[in-house]
Structure formats: C-alpha cells, structure tokens
Amino acid sequence: MFGKVKHIVVIQSLKGERLTGQELYQDTIRRRIDFKGLDFTHNYHDVTSNCELKELLKQYADQASAYKDGIVIHLEMHGDHHLKGLYLSNGDLITWEELVDLFRIINIGTQNNLYITMGTCNGRYLYKGANLLQKSPYAAFISASKEVTNDQVFDDFTKLYETLLANGNLIDAYLELEKAGTEFFYKDSRTVTEEAIGNVMETLLGKANLKSQVINNMIKETERLTGKRFTPQEAEAVFKVAIINILEQQKSTFDFNNQ
Numbered sequence: 043m044f045g046k047v048k049h050i051v052v053i054q055s056l057k058g059e060r061l062t063g064q065e066l067y068q069d070t071i072r073r074r075i076d077f078k079g080l081d082f083t084h085n086y087h088d089v090t091s092n093c094e095l096k097e098l099l100k101q102y103a104d105q106a107s108a109y110k111d112g113i114v115i116h117l118e119m120h121g122d123h124h125l126k127g128l129y130l131s132n133g134d135l136i137t138w139e140e141l142v143d144l145f146r147i148i149n150i151g152t153q154n155n156l157y158i159t160m161g162t163c164n165g166r167y168l169y170k171g172a173n174l175l176q177k178s179p180y181a182a183f184i185s186a187s188k189e190v191t192n193d194q195v196f197d198d199f200t201k202l203y204e205t206l207l208a209n210g211n212l213i214d215a216y217l218e219l220e221k222a223g224t225e226f227f228y229k230d231s232r233t234v235t236e237e238a239i240g241n242v243m244e245t246l247l248g249k250a251n252l253k254s255q256v257i258n259n260m261i262k263e264t265e266r267l268t269g270k271r272f273t274p275q276e277a278e279a280v281f282k283v284a285i286i287n288i289l290e291q292q293k294s295t296f297d298f299n300n301q
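Numbered as in this note's numbering, the sequence shown ends at 301 without a single skipped number.
Simulated from the structure, these hints should not be mistaken for lab results. Here the structure is a predicted model, which is why all the values come from computation and not from measurement. Careful: at least some of the hints might be erroneous.
[Unchecked claim] Cross-link-like lysine-lysine pairs, in silico, BS3-like; alpha carbons within 30 Å at most:
#1 Lys188 <-> Lys46
#2 Lys100 <-> Lys221
#3 Lys170 <-> Lys48
[Said to hold, decoys possible] Derived CB-CB ranges, DEER-like:
#4 Asp104 <-> His84: 15 to 23 Å
#5 Ala222 <-> Phe44: 17 to 25 Å
#6 Ser107 <-> Phe227: 24 to 32 Å
#7 Gly269 <-> His124: 13 to 21 Å
#8 Ala279 <-> Asp214: 44 to 52 Å
#9 Gln105 <-> Gln68: 19 to 27 Å
#10 Ser107 <-> Glu218: 28 to 36 Å
#11 Leu267 <-> Ser107: 38 to 46 Å
#12 Gly269 <-> Lys110: 46 to 54 Å
Each residue gets a CB set at the ideal place from its N, CA and C atoms; glycine is no exception.
Using the sequences and the hints given, assemble the complete structure.
Rendered as structure tokens:
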C-alpha cells in the first residue's frame, strides 16, 4: 500500500538552538512505540557534517532491502537561503544532488518505499536535485517551500508522527495534518517528475522557434558527424522519436519490479 511505513529514522543536525528533532524522537516517536509496543522500528542520529550525513545514508543504502515495508527518513536541519541544499551544524552544505543520489540507492533497495519528511526551511527544493531519467530517489516527500519556525516544525511533525503511529500510513497522516492547516506540503515523485517532463515537452513542442532551432541543430550535427544531411522532414521524424524515447525512459524510472 502506498504510504505504508514500518521504519522511522530521525536525523538531526542542529547547534545552539532548540533541538526539535531530538524532542520529536524522544517525546513522540520512541516513547509511543516503546510504551505501546507498536510494530515499528525507530532510530535517531545526530550528525554534524556533510561527511557524517553521507556515511550514515550509505549505511541505510547498504541495508535498504530490509526496509521494503516502508521507511521514512525525517531530517531536522537548516535549509539554504539560496535553495541549493541543507546546512549541517558545522556549516557544511549538502546539496540537493548529493542527497538525491544517496536517497536513490535507498529507494531502489526498498522498491520505491522511501519517504522523506523535512523539518527544514525551503525543503521543497529537494526536487531540484532529481535527474528525470534516473530511478526515482523517493516515493514522496513532505516539506516546506519557505522559511518555517522551530515551533511550526515541532508542532506539525508531532501531529504527523502521532497520526502515523496510529494508522501506519504517512499519506493518511499528512491528509489529517492538512485538514488542520500546515505550512508543509506533500509531493510524490511521480507527480514531480511528470510535471517537470511536461514543462520540458510544452517548451519544446509549444514554441515553434525553439523546436525549429532544435531540428536545425540536429540536421547540422548529423551532417558533421556522418556526412549525411537530413531533410527537414527526416529531422522532424527523428525529433518525434527522441521525444517518445524520453517519455518511455521516464516511465521506467518508476519500475522497481526487477531491482
């Protein structure tokens, strides 16, 4: 079932401020699971640097096949004001691309059952790290598109995880949070990818000048490499085949059956 979660991992990298990730883990996640004997595993990690975070995520990547019944990784750190990634407590930046590359390995191992929640500012821009023609790096993520306060992070994710622990489904838990009002938003990776591909296709197919430029460049490059000059009709046919191939390859990014 999409959204089902059995494993919860909290990763915090904060210094000199309210430790909201630790509070969330100790007061809500660990306490409820252990006290009520709930069928979840849970882990908490405090990291300080880009290197530590990468090594930790590599450990989860190595064990990813053990989390096929659904894992959520919750990040508590600061978002970059320039929207390039997240800051660790020692001042290191980890870029969206670095995160996505590591998440992708975990998601492949879990067969598209990795979920990300982000108690950060500007976490929404995680999508910028994705490569549209590689395997999806996560099933879905929950994040903010702007700056949020410590109280907003703690209050909203406490509600989210309380509901998750009650019903076992992250999507259902988010829908309950959304009803109450929140600055955090849910996005699944298929929607993110299809919107991005759609924007590219709209740009290529909807702007005659750009399409003509692409086809003319194709004619010139083919002639340079092979000595053969396509007619405009041949070049347009190749262009359409290339578009179809891109769409087919994009579909394969969500096929995890053979992983």
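Taking the hints in turn, this is what the structure says about them:
1. Lys188 <-> Lys46: holds (27 Å)
2. Lys100 <-> Lys221: violated (36 Å)
3. Lys170 <-> Lys48: holds (28 Å)
4. Asp104 <-> His84: 15 to 23 Å: holds (19 Å)
5. Ala222 <-> Phe44: 17 to 25 Å: holds (22 Å)
6. Ser107 <-> Phe227: 24 to 32 Å: Given about 30 Å between the Cβ atoms, the range holds.
7. Gly269 <-> His124: 13 to 21 Å: violated (47 Å)
8. Ala279 <-> Asp214: 44 to 52 Å: With Cβ atoms ~47 Å apart, the hint holds.
9. Gln105 <-> Gln68: 19 to 27 Å: holds (23 Å)
10. Ser107 <-> Glu218: 28 to 36 Å: Holds - the Cβ-Cβ distance for Ser107 and Glu218, about 31 Å, lies within 28 to 36 Å.
11. Leu267 <-> Ser107: 38 to 46 Å: At 43 Å between Cβs, range holds.
12. Gly269 <-> Lys110: 46 to 54 Å: Because 52 Å falls inside the window, the suggested range holds.
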